[in-house]
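Chain by chain, the residues run as shown.
Protein chains: 6
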Amino acid sequence: MSSHGYETGRLNLPFVGIATFGKYPYQPDWDKIEADVAVLGAPFDFGTQFRAGARFGPRSIREASTLFSFGHGGAYDHEDDITYLPAETTRIVDLGDADIVHTDTAQSHANIEFGVRKILKAGAIPVVLGGDHSVNIPCINAFSEDEPVHLVQIDAHLDFVDERHGVRSGHGNPMRRAAEKDYVTGLTQIGIRNVSSTAREGYEAARSMGSDILSVRQFRKLGVEAVLDRIPAGKRYYVTIDIDGFDPSIAPGTGTPSHGGFTYYEGLELLDGLTKRGSVVGVDLVEVAPDYDHAGCTTTLAAQLLLNFIGRILHHRT
Amino acid sequence: MSSHGYETGRLNLPFVGIATFGKYPYQPDWDKIEADVAVLGAPFDFGTQFRAGARFGPRSIREASTLFSFGHGGAYDHEDDITYLPAETTRIVDLGDADIVHTDTAQSHANIEFGVRKILKAGAIPVVLGGDHSVNIPCINAFSEDEPVHLVQIDAHLDFVDERHGVRSGHGNPMRRAAEKDYVTGLTQIGIRNVSSTAREGYEAARSMGSDILSVRQFRKLGVEAVLDRIPAGKRYYVTIDIDGFDPSIAPGTGTPSHGGFTYYEGLELLDGLTKRGSVVGVDLVEVAPDYDHAGCTTTLAAQLLLNFIGRILHHRT
Amino acid sequence: MSSHGYETGRLNLPFVGIATFGKYPYQPDWDKIEADVAVLGAPFDFGTQFRAGARFGPRSIREASTLFSFGHGGAYDHEDDITYLPAETTRIVDLGDADIVHTDTAQSHANIEFGVRKILKAGAIPVVLGGDHSVNIPCINAFSEDEPVHLVQIDAHLDFVDERHGVRSGHGNPMRRAAEKDYVTGLTQIGIRNVSSTAREGYEAARSMGSDILSVRQFRKLGVEAVLDRIPAGKRYYVTIDIDGFDPSIAPGTGTPSHGGFTYYEGLELLDGLTKRGSVVGVDLVEVAPDYDHAGCTTTLAAQLLLNFIGRILHHRT
Amino acid sequence: MSSHGYETGRLNLPFVGIATFGKYPYQPDWDKIEADVAVLGAPFDFGTQFRAGARFGPRSIREASTLFSFGHGGAYDHEDDITYLPAETTRIVDLGDADIVHTDTAQSHANIEFGVRKILKAGAIPVVLGGDHSVNIPCINAFSEDEPVHLVQIDAHLDFVDERHGVRSGHGNPMRRAAEKDYVTGLTQIGIRNVSSTAREGYEAARSMGSDILSVRQFRKLGVEAVLDRIPAGKRYYVTIDIDGFDPSIAPGTGTPSHGGFTYYEGLELLDGLTKRGSVVGVDLVEVAPDYDHAGCTTTLAAQLLLNFIGRILHHRT
Amino acid sequence: MSSHGYETGRLNLPFVGIATFGKYPYQPDWDKIEADVAVLGAPFDFGTQFRAGARFGPRSIREASTLFSFGHGGAYDHEDDITYLPAETTRIVDLGDADIVHTDTAQSHANIEFGVRKILKAGAIPVVLGGDHSVNIPCINAFSEDEPVHLVQIDAHLDFVDERHGVRSGHGNPMRRAAEKDYVTGLTQIGIRNVSSTAREGYEAARSMGSDILSVRQFRKLGVEAVLDRIPAGKRYYVTIDIDGFDPSIAPGTGTPSHGGFTYYEGLELLDGLTKRGSVVGVDLVEVAPDYDHAGCTTTLAAQLLLNFIGRILHHRT
Amino acid sequence: MSSHGYETGRLNLPFVGIATFGKYPYQPDWDKIEADVAVLGAPFDFGTQFRAGARFGPRSIREASTLFSFGHGGAYDHEDDITYLPAETTRIVDLGDADIVHTDTAQSHANIEFGVRKILKAGAIPVVLGGDHSVNIPCINAFSEDEPVHLVQIDAHLDFVDERHGVRSGHGNPMRRAAEKDYVTGLTQIGIRNVSSTAREGYEAARSMGSDILSVRQFRKLGVEAVLDRIPAGKRYYVTIDIDGFDPSIAPGTGTPSHGGFTYYEGLELLDGLTKRGSVVGVDLVEVAPDYDHAGCTTTLAAQLLLNFIGRILHHRT
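Residue numbers (my numbering), protein chains in the order written: chain A, 1 to 318; chain B, 319 to 636; chain C, 637 to 954; chain D, 955 to 1272; chain E, 1273 to 1590; chain F, 1591 to 1908.
Chain A extracted, bound-state conformation (with noise of 0.2 Å):
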């Protein structure tokens, strides 16, 4: 949307206009779907167990969005001397959202697999916009017919709890649903910390199904580059990035906040290598809350990380 004109051009500061993420060009007919990369938008939140608003996620993501589309010229990084996203080869599409539906969980996911789906049947990357981390759920399911991947997860909580009172689809689920398909080869979960909903049979089960797991204070002492050497080199990877990963300082906007989280550069330096040691094929980024928000810290910052992650994907491919 931001190819607009009229007789003299236009200068597009980031509060004009429709928000769509980055101001790029929404497309609402799926099967038309003519992209690199694919944003949509998961915004259930019924999987939450604190509290709930993940739904406004893609919303408040988009809006935060347009403060960075205003290099027009492409997105110029001086500590790399790269521009990333060039205005006249980036192609990038919002599809908008699934369709959620009140009280009922497995229709909601569904619809947000359906679209995944036709992302991934055009070609394109997926970069999905929860919503609670529970939308993971079907973001994976509609690999099923894709080459194999490995899972990278950023996030405070380990999420891998088999079954609690009938739940399996709740937004502390995701991980072991994950590790249960056979197109899933591993997972590396990094940032995990602090109690969690998860139990010591958890993270044994995590271990033992193929997880390599590792605290922000263990990423701290073995630094980015030994991190990035554990994760198995040149393959597919999804990445999953629960916002709650990162420091409640910087991460305030979501659901279960826990102290002790990364800095936004730990973030990026981690993406910014996996761009580089293999293929990212999938992303979502989930639990942003923006009623817990109040300064926009927190859509900035997913924002923020997704337009350079996704720059630094399209760069660094081959």
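Rather than coming from a laboratory, the hints here were simulated on the basis of the structure. It is possible that some hints are incorrect.
With a straight-line cut-off of 30 Å between C-alpha atoms, the simulated DSBU-like cross-links for lysine-lysine are [said to hold, decoys possible]:
| hint | chain 1 | residue 1 | chain 2 | residue 2 |
| --- | --- | --- | --- | --- |
| 1 | F | 1622 | E | 1493 |
| 2 | C | 857 | D | 1230 |
| 3 | B | 350 | E | 1493 |
| 4 | D | 986 | F | 1825 |
| 5 | F | 1811 | A | 276 |
| 6 | F | 1811 | F | 1708 |
| 7 | A | 32 | C | 668 |
Since the structure of chain A is provided, determine the placement of chains B, C, D, E and F on it from the hints.
Here is chains B, C, D, E and F on its own, set in the frame of chain A:
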């Protein structure tokens, strides 16, 4: 919990102490309910169609209600010249909340119904704190073995949708579900206004199933006495109060606000009139979402209204 | 944008999807406006004299308007027994925003005028979302080649300052600028109250230039019918709504709040009456500043009012 | 402070400059008060029984009052056709605040009394900005050597508690303390409603000590003229305004909100009537707590009310 | 309160149920304390010198602590590979709050002391939730008949003012009051930084009375182990945590924030070290003011820190 | 304003009294500046490209600065063992604000320049409180008749845009405008990071015009001493601090936040080093937007930083 005493007694200011409803005693053992009124929280909000957050309704109403606990000698109303809720004879307990299972509407509703049935079995009047308006469905279900009731609703929305996309238990459906019960003898729906989730057919269905529908402006033209006259006299009333029946100026903290609602005294005088016209046998107050209630107006309204209503129910019953 | 469909149709809850006005289609090509009503954002606020932030008015009103998009079958009003905005025949488009150039009032205003002229040329009714009240100046300018209009203003302030410290295009000047046009045949200024930026001379000038000024209390004493009678019948009306004409209790999110303003129904009934008394040919709604609207009351009011007004304009015109 | 001038004069918009009350001059030397009205802050809030924060009342009211300083030529009211507060003849000073000593109620109250006595000695009318309602106690004390006064209170609460747990100088006690003075000839207590900290005995005591008590609904039934008639004519009035006498919809920023309060014009018309009925010799406005006033409605109300009241006091006195 | 059970057990999500500390049982009868740890609220804030509101600290910390109650099987920490707070053996009770008397500092402090003495008499470890830092004074007083303690303080401010304007019991005085006790054998004051209420003489007095003072930067240069080594080993420690010792980025909700504070893990590692170095015999955590904590970061920090600290105290004691 | 005294002196707590900067005296007569440091507000924000609201920066920083006025004996820093800002010898005045004319950038900037010239003429060091970063343009203009200066900038953004859509005086242009001056001998731009409004050409232009650009990560790798070494020694420094140079976790209240910014001590140590390396002859601190600063972290940071910086400037100058 207001009866605590050490050597010199306690002043027990509102900001002091555990926040139960009105600082009345907490009774976690639902087989030992000995009270005239039993308060139950129903922190369920997966039935919402716009903003979530009503899951924190019960906790926030309890907190606000502590402001109205500091008349130890009861609540003296100088206009009525009556002391409501006299400490000696008032038997109110707080049962805590029904258990909620994320992602699972049916089980959550069943747990609410379980609690209300316990209260009814104990001979107490249930006062249920929502949660979204769908929690009215299990509340009404719980009356299946009691004498028939007439349902009085204060609300901006008709909530009379039969089914849409398979949803029959969301917050747009409860009045339809109630009207289907043979032990619900009629409905009076007051405050209904503006565009709503209910289409013209819903209004026709409601009227054909025994509903009397009044907007805020119609209420004002008639006056409270004439409105009361339209409600069958001498009946058992179940009263469901959607806080969005009140004006957004005093009830901003709700999911689907609708301008043009009731003032406080319009609501109070209607409720006061009901206590004199028949027997109030059950109450729910729903859709309080404290994340949108930065100054506490909405929770204060809910607490002030409920304590005044309960006081009048207990005073006027014979 | 509400017409999206995949295999099973969409429930399209308000929190789902890209936020255009009322979820109506986005038309970025202003040479292809095919609609009865065209919505244009004018996110300009350098004309404010106290709090800024009205630049986020258009975006926030769009977001709030999604709440009122969920009657797919149109907006049924049970008091009027009319279904406004029936899906089949309603042609509304959202044009996005006029381009704003920071530090440059003249260019920003010119861009707004450019957009309104495009709408008028297409034969649609412009509905402009401010921005501060100075955006009314380019809106009125754009009518220079149309038939004359009578201007109806809802506002707390007279906005009739001629010039002060060289400022002629700030938010205190628009009504003076309008009155100077020969195609503005008269003004009705309603809601004016309290201390204002306009001194006694301004009131005298306004009256001498054809203005009828009424305070909120004068409006109430007269009643809405008598007020309507003072507006010339059968004319073309341009309606400018400063949200601060409404009471701060329902419109806190504005730059210069003034206590003692209108209720929702006072405003609605006046607007409803206008649609029956003549032709509404242009509308702007200004001064919504969402940074001061923590619960969304003000944006909800703006959206609810506009959708009801547009529905009535389209229903009652012949 | 509004008289500042450099070469070209100043526009002096409300957001510009040091925030004194109404941008009137700051006079830190209390032995040099030369004014008709002297404003004194009393930022004391240890007397509150629920929410604190009224200590920031004076500072926040000053800040809001800058909005009403931009009519340099005075405040023209088109309904009254009077220019209040004409710049040439208006002598108002801001004395800053009385010194407050944390943990020490007696000393803090003494410092407030000291300031009010200085004002009275200078022949000015004291306008005291609270702080909680207990600051009325030292204000009234300061009148001990003046002619008798009749006390008019706008409030939700009777504040007539004699003593509880040893407390005699909290915000529930001031009217009792005032009634005990021989130079307080009577009280008119208006707006009193709902459950209060005062029990039935308090009401009886108040009436027996010369108080006339009216609720909001009683006020409305009588009308403002009849209410004014109940106040002894031609007397010296001390007016104490608890902001919670007004409705929470316009005054959410207060410690103990009570629904069902006054509108702005009800308050203004009562105050306006007082200025014509006798001499207002002292004013306090208390219980503004800006931490609960996110949109500034309450501070705006306080400032708007006080400036209008002061303008009328000065205009109507002979 | 987490042991509630009906037929099928409860999931007991954090947002469900009465908010006691960690959802541990409420014990209103202070003569029946049977626990290892007893939590007492001290909602007193008349000792503050800037922002008030710490009176709501206990209630808000309890509410936040419910997030950390959902590991029914205890709190498994994968970094330590320890399950803290195992459900079977953990005996924690919540006593509610000490009674507070507005305007009366001495009586309020006496009531806090009364409660702590009850806890000590019962052989439990007191964990006191402030309230402002002055509540440490009665807490330390209550240890007068116990074995001597070494006081460890985490704070931005030295709080070592002797007397100013007669104030000896405000929130700037507690460490001075403690140092005067013969049963306080020494102080370690950590985190002290920047401009403070304490002048140079205060620092000299503190050092001469046995205090070891470290700033955040000094702490960082030394490292946590070296800091622990400066604290006498094998002693009984009383730990007082002023939340403003932590950085405003994670603890904005406090009265006198000071930039440059501790991160979460710096605090946790210090506390963890203490539990291994000696016996922690008392704890208070003060100055949480939820009115400034819009996202709940501060209350979450307080709850997360306390539950981790208590878990380690109970795990490491012999 | 802190020197007020009545019979017994004043405690002068931070929440008491008129909010001038640091409670230093207000000097409205700009021809009578007798001070070492003169504080001037520049509440201009029409130059912003995203969120507005910096017009309230001066007022909000003044308010926050009162927290740091309560060391009457000066500001003792125990790490440096220095008492900064000793009461006896510190001469700081607050001049209030430059006059701002809405809609008129050129006149508003001229008024700021006028004020800074007055300060320079009086021989004082100007400390200007923004307002957006465009206010730096008139500040630098005012130095045209002084000795040359080296400009040190702390910022997330390069602000080196030459012209775009005719805009040359917005908040993206000031460093370009400064670099064009012959009396600006060089620039050191620190903290620059991420996507910015400045494209690659801007960086090249900056370097070619004498700028040294360092990101936060580059600053950290070098260390503060090495960074200081890159700044020419013994020069006159003008320091411009954009609050968004700091991390959003401590400075959320700003218009265009950028994650990954400085901590408090990184900023302070750089500023401290400058005061020892040469002469600081002018300072501005810009882009504080209190509407996004709900807990006051940002204004506290601004005030804490400025008072510490001023203290060091005055202490270390010879």
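Verification of the hints:
no., hint, in the structure
1, F:1622 with E:1493, "47 Å, violated"
2, C:857 with D:1230, "23 Å, holds"
3, B:350 with E:1493, "59 Å, violated"
4, D:986 with F:1825, "47 Å, violated"
5, F:1811 with A:276, "23 Å, holds"
6, F:1811 with F:1708, "41 Å, violated"
7, A:32 with C:668, "22 Å, holds"
In this structure, the earlier hints numbered 1, 3, 4 and 6 are contradicted, and the remaining ones agree with it.
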